[in-house]
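Peer 1: For reference, the chains in residue letters:
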Amino acid sequence: MNEGSFPILTALIATPLAGAVLVMLANARRPEIAKLVGLLTSVATAALSVWLLASFESGAESYQFVSKHPWIEQWGISWHLGVDGISLFLVVLTAVLFPLSLLGADPHHGHKQYLVWMLILEAGVMGSFLSLDLFVFFLFFEVVLVPMYFLIGGWGYEDRVHAALKFFLYTAGGSAFMFVGIIATVYLARDSVGEITFDLVRLSEDADFATSTGRWLFFAFAVAFAVKVPIFPLHTWLPDAHTQAPTAGSVVLAGVMLKLGTYGLLRFGLGLFPEAAYWARPLLLTLGVVGIIYGAMVATMQKDLKRLVAYSSIAHLGFIILGTFAFTSQSMSGSVLQMINHGVSTGALFLLVGWIYERRKTRLIAELRGIQQVAPIFAAGFMVVMLSSIGVPGLNGFVGEYLVLIGSFLTARWWTVVAAAGVILAAVYLLWAYQRVFHGEPDDANRTFKELTLREGMVLLPFIGLIVFCGVYPKPMLDRIEPSIAELIEHVEENTDFVSPEPARAGIDE
Amino acid sequence: MIAQPVSTFTGPEIDWYALSPLLVLVAAAVALLVAGALTPPWPKGGYAIVTVGAATASAVLAIIQWQNISDDGPSTLVAGAVSFDLSAMFFTITICVAVALVALLTDDFLRRQALDGPEFYALYLVAAAGGIVMASANDLIVLFLGVETLSLALYVLAAADRRRSKSQESGLKYFVLGSFSSAFLLYGIALVYGATGSTNITRVVVYLQESVPLERFDALLLTGVALMMVGLAFKIAAAPFHVWTPDVYEGAPSPVSAFMASAGKVAAFGALVRVLIVALPFYREDWQPVVWVLALVSLVVGSVLAVVQTNVKRLLAYSSINHVGFVLVGIESAAHRAGAVDSGPGVPSVGVYLLAYTVMVIGSFGVVAIASRSGDDATSLDSFRGFATRRPVLAVAFTVFLLAQAGVPFTSGFIAKFGVVQAAVEERSYAIALIAMLTSVVAAFLYLRIIVTMWMSEPDDASVELAGAGTSNSWTGTLSIGLAAGFTVAVGIVPGWLLDAADDLTQFAR
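Listed in order, the protein sequences are those of chains A and B. All residue numbers for the first sequence refer to my numbering, where the first residue is -2 and numbers rise by one. All residue numbers for the second sequence refer to my numbering, where the first residue is 22 and numbers rise by one.
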């Protein structure tokens, strides 16, 4: 498909990388040039992604814009990229979030290095979402750690070095399992596939593992992804990393990097080991639901606004895990949608919290009061984003959570019942936090709180636009996500005795 | 006078051309010593240029021989004493690369220390010749000669910084322990001779092939194997025979540490491959578990003990023990099919790892050598505070080397680790593969510690003082580090040619 035409997927990875090189070469004494170059390349990447979105054929099942070139032939590794309904919106989200977070958050020092790391990070995340070769995927999945480590460690807050280290060790530890898992997968599949290949498409079609082998391999992959998501109880790096990361770091971390885990589970966990994934379902469903409730309860107790948002991420990602492992068309489409929604609303929340910190130099809820009176537009913006995160109907959060819940109810009833309580808990912690920060009479320290600036407004506007659009009219997204999900479910059904329940197969847009 | 029949001694036929890589090095060493003693001090960099020229010539000759061997198949030279196969040539090239890079570093170092003279270089060349003999020996006595030639040169080199007592201490420690281990090796060789009737590897193999197991002197042979393994494990610095490494590496002049960690280990691993995989494939069930344990202990000790070090040279010494563990993982997987016609991916992965590691470690020690300025004592972790602001280019290079040692993608270190783990997984040694990857996460922590100190710590008073002291460094050191960094990245991105070359390492001369 599209063979010989413009290699848009490679360009999506190469553009930010080229930007990083250009920024590196820019004069360090004139940060504005570096900034301009960085911004322009990330905007160019976003433009490319919009073009990708526009030319993506909805309704098609398999991968599109595939580009495949042999790379390390001795090991059966090729530069194999492709995009389908599951990765499409994650790619677009990545491309859109980066310029917005570059615009919305100022690093205050070391502009040049900051931009270089951000652009390398963007290329890494893009590569992870686009690669269809296990080796290439792992390469990008690992390489992402380095810029993120430096971003947290170099531009974060007080306890940044510790947080950066914790982040690195956790994720690299998880990856160690996947590293061995990937190689084992390739070698054990050699007989059934016929040759050594790291090609995901061929492996998921032809590879045939003994039941117990498949389960071990799934476990190796799942550990790496569970750390990344993070699934309870492997989540303890996340609150630290999020709280200490610079604003843009948090936006990217929550917006797209956590999605590497959920995306990985869908694409690699389910794609390569459907039998094992089906077998591990009860465990993952339970951990997902525990994450929802636990994340929400801990978030309620937080004194630090940023930490609160971080814990809310754990709860939201629990929904995604629930939807993924409920194995119905609706729940899985909901999960994919929820990945995007969470990226948009939590990304925006982190930006807003970052702006509060810029003004008040504190993130403690107790220090903030009555901001609504001094900065009504700021408060309004915060409210829309917060409501979307709660999942109020009409905004994007609702669509995803609703689909996940009704889809999961068919196959994972009691888990869903418990998870539904998480929706209410989300309202509790977010509304309560909003109340404490924005309502009431401002004291002296808060009376001078600056209103939303034009630039901040311009950054926030696209977020709110997306929040409302996806909430009101999610059909174009679902049209593109659905076929790929249907194919994935078929793949699971072929390999297990699982039968997706009828009502769920009927489609969503009736 | 009693008349005796005249016995004429006929020496073996010698193929001088095939031995040329070795002869060039020896000739250059002799020439350097003689000419250096008879002439006034040579102009800037003169000795180093001759050394680099000799090493390059030797490497080029080895590449030419590589072509011949590929065409005609492996054979032995000098009446079966030296093997003439691709493995020997690969190790020759690796050692020559080490000599060239280290010579460039040494030039810079010696002039700063006001020690310039031909002795260092002549000793490097002699040591390299000894190392090549070790790696291409087809006779255990020849192997021992190689070990001694290499070691004696290294003892002197370690103590060569005449004015520093630490260097003297390092040389003495290395000498005492090294001679002790040589004794083990020699005793082991004697016992193997006693059991098999020959020291020639070809004849040992033939004897073991043809003799009836019950008639063999197994106790003698196994004791011999054990003693030889002790001797060689000392030379490669595998835990628990590693205790000398940190002290010696710390005390020796930094370029010499680089040489010991690279060429010294490459040669010793070459010898280990000869002894275990070529000579004793029939006893692999006996020595394989020993290698497994050595690998495990080296991996764990190297990574865990490195964490508590505060001196960069000691830190690199412990990390080198971790790397030894990785190479042993490769040897362990090669053991599964030792002696078979298709001996699997083990030996090639060892070769690739050693070449990649040689370049990385020389680069790392090279940066330390330049950073520690005159005196060679400022190697504590604290003296690297704020290094990135003082010497940004060097800091970038050091970061590349450290990331490569940590096995981050797009560096040669990743390819090397991938190859070794892949070999282990292919032979179903999952446990050791997983342990290796997990220890590499711990090791990543220590590399990050150095990186963090360079990039994220504010310089303190002591390191500011250091910054003022003589910043001059010549082009030779920079060239060496630049070449090493370029190679590290290039192999990470385009590894195909190296893997292709290493694939043929399995054909041993017998």
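Don't read these hints as lab results, they were simulated from the structure. Here the structure is a predicted model, which means the values were calculated and not measured. Certain hints may be false.
Label-pair ranges, simulated between beta-carbon atoms [stated by the list, open to error]:
{"id": "1", "chain 1": "B", "residue 1": "LEU59", "chain 2": "A", "residue 2": "LEU22", "range": "43 to 51 Å"}
{"id": "2", "chain 1": "B", "residue 1": "ALA48", "chain 2": "A", "residue 2": "THR210", "range": "27 to 35 Å"}
{"id": "3", "chain 1": "B", "residue 1": "PRO310", "chain 2": "A", "residue 2": "THR210", "range": "58 to 66 Å"}
Some residues of chain B that are not near chain A, with every Cβ distance over 10 Å (derived) [to be verified]:
{"id": "4", "residue": "SER28"}
{"id": "5", "residue": "SER91"}
{"id": "6", "residue": "LYS194"}
{"id": "7", "residue": "PRO234"}
{"id": "8", "residue": "PHE435"}
{"id": "9", "residue": "GLN443"}
{"id": "10", "residue": "LEU455"}
{"id": "11", "residue": "SER461"}
{"id": "12", "residue": "ALA465"}
{"id": "13", "residue": "PRO516"}
{"id": "14", "residue": "LEU520"}
A virtual CB, placed ideally from N, CA and C, is assigned to each residue, including glycine.
Peer 1: None of the hints should be skipped; say for each whether it holds.
Peer 2: Here is what the structure says about each hint:
The supplied range of 43 to 51 Å is met by LEU59(B) and LEU22(A), whose beta-carbon atoms lie about 50 Å from each other. The supplied range of 27 to 35 Å is broken by ALA48(B) and THR210(A), whose beta-carbon atoms lie about 57 Å from each other. With their beta carbons about 24 Å apart, PRO310(B) and THR210(A) fall outside the hinted range of 58 to 66 Å. For SER28(B), the condition that its CB be more than 10 Å from all CB atoms of chain A holds, with the nearest at approximately 54 Å.
With a minimum CB-CB distance of about 16 Å to chain A, SER91(B) clears the 10 Å threshold, and the non-interface call stands. Every CB of chain A lies more than 10 Å from the CB of LYS194(B), the least distance being 34 Å, so the non-interface label holds. With a cut of 10 Å on Cβ distances, PRO234(B) stays outside the contact zone with chain A, its closest approach being about 33 Å. With a closest Cβ-Cβ approach of about 8 Å to chain A, PHE435(B) is found to fall inside the 10 Å limit, against its non-interface label.
A Cβ of chain A approaches the Cβ of GLN443(B) within 10 Å, the least distance being about 5 Å, so the stated non-interface status is violated. Not every CB of chain A is more than 10 Å from the CB of LEU455(B) (nearest about 5 Å), against its label as outside the interface. For SER461(B), the non-interface assignment is contradicted: its Cβ lies about 7 Å from the closest Cβ of chain A, within the 10 Å cut-off. A beta-carbon of chain A is positioned within 10 Å of the beta-carbon of ALA465(B); the least distance is around 6 Å.
Chain A draws PRO516(B) into its interface by the beta-carbon criterion, the shortest separation being 6 Å against a cut-off of 10 Å. Distance check for LEU520(B) against chain A: the nearest CB is about 5 Å away, which does not clear 10 Å, and the non-interface claim fails.
Comparing the model with each earlier hint shows violations of hints 2, 3, 8, 9, 10, 11, 12, 13 and 14; every other hint is respected.
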